[in-house]
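Chain B is already provided as a structure; the job is to place chains S, E and A on it using the hints.
Residue numbers (the working numbering), protein chains in the order written: chain B, 761 to 902; chain S, 761 to 902; chain E, 761 to 902; chain A, 761 to 902.
Please note that the accuracy of each hint is not assured.
As the list claims (entries may be wrong) - The calculated label-pair distances, taken between Cβ atoms and stated as ranges, are:
(1) E/764 / S/803: 29 to 39 Å
(2) B/880 / S/776: 23 to 33 Å
(3) B/776 / A/836: 48 to 58 Å
(4) S/836 / E/836: 25 to 35 Å
Just so you know, these hints were derived from the structure itself, not from any lab. Heads up, the beta-carbon is just placed ideally off N, CA and C, and yes, glycines get one too.
Protein chains: 4
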Amino acid sequence: MILEEFERRVRDSFRRQAFMATLGAEIATGKPGVVEIRFPFHPSLTQQNDFVHAGPITSILDSACGYAALSVAPEGHDVLSVEFKVNLLAPAVGEEFFARAHVKRAGKTLIVCAADAFARKDSDEKLVATMLATIIAVNRDA
Amino acid sequence: MILEEFERRVRDSFRRQAFMATLGAEIATGKPGVVEIRFPFHPSLTQQNDFVHAGPITSILDSACGYAALSVAPEGHDVLSVEFKVNLLAPAVGEEFFARAHVKRAGKTLIVCAADAFARKDSDEKLVATMLATIIAVNRDA
Amino acid sequence: MILEEFERRVRDSFRRQAFMATLGAEIATGKPGVVEIRFPFHPSLTQQNDFVHAGPITSILDSACGYAALSVAPEGHDVLSVEFKVNLLAPAVGEEFFARAHVKRAGKTLIVCAADAFARKDSDEKLVATMLATIIAVNRDA
Amino acid sequence: MILEEFERRVRDSFRRQAFMATLGAEIATGKPGVVEIRFPFHPSLTQQNDFVHAGPITSILDSACGYAALSVAPEGHDVLSVEFKVNLLAPAVGEEFFARAHVKRAGKTLIVCAADAFARKDSDEKLVATMLATIIAVNRDA
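Pulled out of the complex, with its shape left as it was, chain B reads as follows:
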């Protein structure tokens, strides 16, 4: 699919994800197979130590992997997350958090993506989590 068409589809889909709005998240697409999603710090997203909860971080990692997979999925297919593993590498402390996903391998049915999540504080970026995910491409008309 051409890049403009992909970007339009991603933005349309992302806008319909109410939970991404709940997180205050925004999406940026680059070359096919690479997607970035970010949200600013907000107290409503924290756990008991005032770090951001693993949930919002996992959510943008998962959605970034999903859209990266979508960019390489066959025409007329949607994508669904099958499973993912997350390693939490450092406390999610910062002003902004972003997940960057890329496609590791695209098969006909299954797409494997990897993603890293970073916390930005002042001008520092710190790796806070990493995901390895399996996504399935599903025929929209099936």
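Then chains S, E and A, alone, in the frame of chain B:
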């Protein structure tokens, strides 16, 4: 730790998790090593198909595993999620969602927990996701 | 598929797995969806501490999950492991090691299995590892 | 630890891993934090389709991650695999198979490594599997 003391600690900690309030989540403890967290359906938690996003489901699975681990952690220790894997088994459609975690093995430093998430619709309960998680016990004074 | 037919297919397939013979492994099937694979201790399977290496333990966990999935796969389909996660819970020390797998959820294309591995020493059985795995059913004629 | 000392320790440890000899595996170290393990094709390592079984591939991924972790572990510490996730990306067909691991993040107690496995056939290298692993550093005298 005795059960009343554990329940008090869990409720105190859970109350300080702003993100659990954002999800509308509540916790129930049972015997040591078993924890349940639930939230009602809310449109703010959905993805593009109006199913609940994998993020909130993963969040209660993760927190349920964390509190299950806390119930068997040594005196004076807090717990942190090291990593988890989630399989998404069915669309998260229903009126209420709950995660039930139990301790699979408790070592001195690391605690491995398993958790299932269910969607409740009318009186049916459907398995929608399952997690296998590693948690570390950290000395609160270290 | 009827049980005798399943057992025959499993034994035929298992016999063709040269690596299972290398491990000295044997398979036992029970009710559909549950499979057990075991091997006796052998020095050729150890790591630097004389425990059995994680590799052989993971291998029987993976194969047990695969055959459990096969028992519920649609007629005319083979199965392939997509991915798995293993937690190593205790040193693999003992006279015999066995993995017991069951189907957690069977979809049309993907089957999710869980398996535990145990070490037997004298008459004690100790949980040494646990796996959560995703398997794909593939049409044999496709 | 200095590089020569690390290489010596890795080779000593690797030599004591009987299971690596069973696979016909060899190790190569490079800069600290990067390790490669390889084995040639052998019929004793195959599954029912004559591909190499996921077990040997996982075994060299796991051992490569362990030695990568060892290269950054504190003085006087050994390492143990806590858990890993493997995605199987393509059939393991070829003349030689190798796993290349690097350290993703090294904490005081836990070390997270990523590794890719490749099949070499003629002069082609194909990605066949990828691992994300958690390793714990354990004081040798504790």
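Does the hinted range 23 to 33 Å hold for residue 880 of chain B and residue 776 of chain S at CB?
holds, 25 Å
48 to 58 Å was suggested as the range; check whether the CB atoms of residue 776 of chain B and residue 836 of chain A agree with it. Holds: the Cβ-Cβ distance is about 55 Å, inside 48 to 58 Å.
Notebook entry, point to check: Given a hinted range of 25 to 35 Å, is it respected by the beta-carbon distance of residue 836 of chain S and residue 836 of chain E?
Noted result: violated, 58 Å
If I claimed the Cβ atoms of residue 764 of chain E and residue 803 of chain S lie 29 to 39 Å apart, would that claim hold in this structure?
violated, 51 Å
In this structure, the earlier hints numbered 1 and 4 are contradicted, and the remaining ones agree with it.
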